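K.L.:
All chains should be modelled from the sequences, with the hints used to inform the complete structure.
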Amino acid sequence: MAERWQRLTQIFDAAVVLAGEERCALVGRLSAGDAELQAEVERLLAAHDRAGSFMASPAISGEALAEIEDAWTGKLIGSYRVVRELGRGGMGAVYLAERADGQYEQRLALKLIKRGMDSEQVLARFRAERQILASLDHPNIARLLDGGTTPDGLPYFVMEHIEGRPIDEYADAHRLSVSARLELILQVCAAVSYAHQHLVVHRDIKPLNILVTGGGVPKLLDFGIAKVLHEGGDELTSTVTGFRLLTPEYASPEQVDGRHATTASDVYSLGVVLYELLTGRSPYRPKGGAIQDIATAVSTTEPDRPSTAVDHAAGASNAPRRRAGVAADRVAATGSGSVEKLRRRLRGDLDTILLTALRKEPQRRYASVEQFAGDIRRHLDGLPVTARPDTFRYRAGKFTRRNRVPLAAGALVALALVAGTVATAWQAREARAAQVRAERRFADVRRLANALLFDYHDAIKDLRGATPVRERLVRDALSYLDGLATEQAGDPALQRELASAYRRVGDVQGGDPKGLGDSEGAVASYTKALGILEALYRADSTDTRNRRELAGLAMALGTVVWERGDLSTGLAHGRRARDMLEPLVAASPGDTDQRLQLHAAYDLLGQLSLEAGQIAEAMEFHRLDLKLLESRPAAERAQPRLRHAISVVYGHLADAQAEADDQPGALESRRRSLELREALAAEFPENAEYERIAQAARYYLASVLGRMKRWDEALDLYRKNLAEDPSAFNEFRTGEALRHLGRPAEAVPHLRRALELHTAAFRADSGNLFDRLAVAGDQAELCSALAALARPDARETCARTVAFIEATAVEPTHAFPRAFFGGVWFALGEAYDTLAARASVRPAERRTHRLAARDMYRRSVEIWTDLTARKLVSPTDTFRLGAAARAAERAEAAL
Amino acid sequence: MADQPQSAPDGVTQLLIAWSNGDKAALDRMLPLVYEELRRLAAHYLSREREGHTLQPTALVHEAYLRLTDQRKADWKNRAQFLGLAAGMMRRILLNHARDRVAKKRGGGAEQVSLSLVESPSGRPDVELIALEDGLERLAALDPRKGRVVELKFFGGLTTEEIAEVLEVSAATVERDWTFARAWLYEMIEGGEAGQ
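Quick note, the sequences are listed as chains A and B, same order.
Under my numbering, think of the first position of the first sequence as 1, with each following residue one higher.
Under my numbering, think of the first position of the second sequence as 896, with each following residue one higher.
Mixed in with the good hints, there may be bad ones.
[Said to hold, decoys possible] If we take Cβ atoms under 7 angstroms as the criterion, some of the chain B residues that face chain A in the derived model are: (1) Ala1035; (2) Leu1037; (3) Phe1049; (4) Arg1071; (5) Thr1074; (6) Phe1075; (7) Arg1077; (8) Tyr1081; (9) Glu1082.
Just so you know, the hints here were simulated from the structure itself, not pulled from any lab data.
If you're wondering where the values come from, they're calculated on a predicted model, not measured in any experiment.
Built from N, CA and C at the ideal position, the CB exists for glycine as well.
P.N.:
Set out below in structure tokens:
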């Protein structure tokens, strides 16, 4: 190392620990007249003092590695081809995409979520929300069309691609006047309000999410996506760690503080967007551009009055973001003539409206987007606005900030108490004028019910042990909703909102697979929603929305009562849905969504009819369904979701045909179903779901073949499934087919493997009834195969199976497992029969086997008889009672 | 289970031992393994970040070490070597990536660096990393140990004590080297922009 370098470092090392005069003196002394060296040391010391947090934290950041996977252009994502990248943001990249099958020219925006967004949870939430998001059908909302995961598990969303510019850019480029800007924001408000009525909160409203098309139509992007991507409160934390989900400039104080976003948060963000549109700057003047500075400003400082903000902006070189010298721009851009004129325009109403929307406390803002929009409208019409400026006393007192209670997951039980607190707050306001009180209360209750249902419930639903809290939330939400329902009649928008909320309660209670399992409660809530929607429908039967929502609810009700075994009510709801939808489909045949909704109704009706023993009706519904779907022009029919639906209908038609003992018909339908699914799986190899449903179709086809004793064909299909997925189930089916083909020696290894896998699953979760059933089934089949081989361990396997079944407690009304055991006993009877029929067996032993066979058959008969008496047997299963009874008689006779 | 580490690619321990015994070829065979593992771990950590994990390079390289080596055979000295090695890999991963992105964004070539970007809240600007890399190479040419200290601390996320172990010097020396190197790099990057 050069001597000079060594001197440099030595002087630096000695001097850096000192300060001021002392340091200067030391550097001078040690440099010993070498001016160049001294200057260099001084430069380094100065750099040291200035370096601040330079390299203070390690180099790696979340983003650095997250973007390693890249370069999608030209590649396929799901059934979409990426054309080019449109942009990149905190949560991933947005691409321009088109359908890979070239079915449509339509250009789409595909948002690929980068790694680190916790793909599985994102997807789970997406699936949960998708129905709701896809149902948002509003001219000012960009439609969400599809979503899925890439082969390596990155979630993506496909949306309508909007060609437009962010609202602020658009307004400035077109030099829109203040009034024109207000009109523009009113359209945005209409979209947000529509979404709120569907109980979807945007959570990330900002100019970049509001694109205005060339035709001047604003479109909101990414509705509800923020929630799908990021459930839970720690939004700012994630922002800091590099995943910028929230744009703090537009986020409400509650979001910045990590609390939950509600409809009031959207009101706030709309306020910020309008503020910027009018003044050209942000409502706050943060100390710096760092996220933390902005966040601090948002939660602790008051926004400038818009009218004075124009002034500040005039000389603001430190104005945040891109806008320096804004006032002049503003004046020019809005055609206001002069700063003073613009100020006058903003002073008064607009100051009050914006400051009301921007209040820190959500409950002090406008109670809804409609109210916010209403005031803007009143201002434009020259009417007095409803918002009132804050009083001096209020302003003076508000900075003594309350202690915020963070919403830690562990403290969730406290959530249920929130309800009570709010209730007390209403009572405190009892003294006010009746009118004000009613409105206020209504808004509060509405917000509370929504918060309970959406934010709080969603936040806790995956937590272990949250069920009691969820139940409490549902109960509370219901009592608020019931209160609202009695108070508020007349306003259709509110009625619709109420219905939507009841429906949501029903989903939470039991309509959803992940619900609380309270199907009775679900029926009650759905019924309330139905009542409201029926009233709306009676009031205006021409509104297609009323029809669609009524149909959707009837379907939900039909499904849940079906699960409760009430077939006739289910059928009634299904017919109701059908009656609502048929005219809609006839009126707009090109609307695939609607067509698929009607398909779902026919499908439900077909399945319910079959279960009710009305085979001819069932077939009729499925045939009608096929006509509905297959009659479409080739381009529409080529859509995967339509093809998938058709394959489902063929499957259900096959069920009905099998029931009518039309085995060739069933076989043909099964083949159709399989062909459709195999084509989908071949076309979209990256979509595992298609392969999965193809496997299911293969299985069903094989079972029809099995019933027709065409075991060799069945075996081929089972083997194909086994090759795709070596699961216990496929091992079992392969073994079963081999045994029926008289090849028990080949069957045994498959059955042993199935038993092994099922036993492992059962051991891992011994409470799981289904694994228990599977183990019993494997054992019975294995003992049949061993018996056929005359293997010495056959008897022991059979005995073990009997003991295993006897150790399994099943409720007498639990039809499925009992029916399953009915089948297992029958199979065991056959196995003992086989053992008894062996030539080598001694007479005493033969008698023991025959006795055992008879007992097994009798147990089977007992189960079927009891299930039939309890009306728990579907017509499909009645023939099994006959078969078991005949076998029992035969065994008795042989004795 | 799917996301459990694959069994340690056998040989990393052997390679480490061979390398520390002076077998230079062992390093070449080991690097791709380490590199892949780090990338995989980085992705793995990223996917857990929302559960409150901050992506710490230290955690990454330590975990990579645990996964890649059989601890019963690898002694402490190997571990220190490994950490040093991994820090270098991290540096390379980040730099390559930054260069790719800059090239893609700007159509080639790095650009002048402004240190105001250093405080950018979301991630570290690519251009800064690239400028830093240039500086670091120059620093390492003048004073290899200081270069190593920066690499280990900034890219590897190692603590002062760990760096001392790797470099076999005292913790105080590491601290001094770091203070100097940081000032020197800052001066070089910022001074280069303002001065000459």
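K.L.:
Run every hint past the structure and note whether it holds.
P.N.:
Hints, verified against the model:
1. Ala1035: 12 angstroms, violated
2. Leu1037: 6 angstroms, holds
3. Phe1049: 5 angstroms, holds
4. Arg1071: Hint on Arg1071(B): holds, closest Cβ of chain A at ~5 angstroms, below 7 angstroms.
5. Thr1074: At 6 angstroms from the nearest chain A Cβ, Thr1074(B) passes the 7 angstroms test, so the hint holds.
6. Phe1075: Because about 5 angstroms separates Phe1075(B) from the closest Cβ in chain A, which is inside the 7 angstroms limit, the hint holds.
7. Arg1077: 6 angstroms, holds
8. Tyr1081: Holds, because the Cβ-Cβ distance from Tyr1081(B) to chain A comes to roughly 4 angstroms (cut-off 7 angstroms).
9. Glu1082: 4 angstroms, holds
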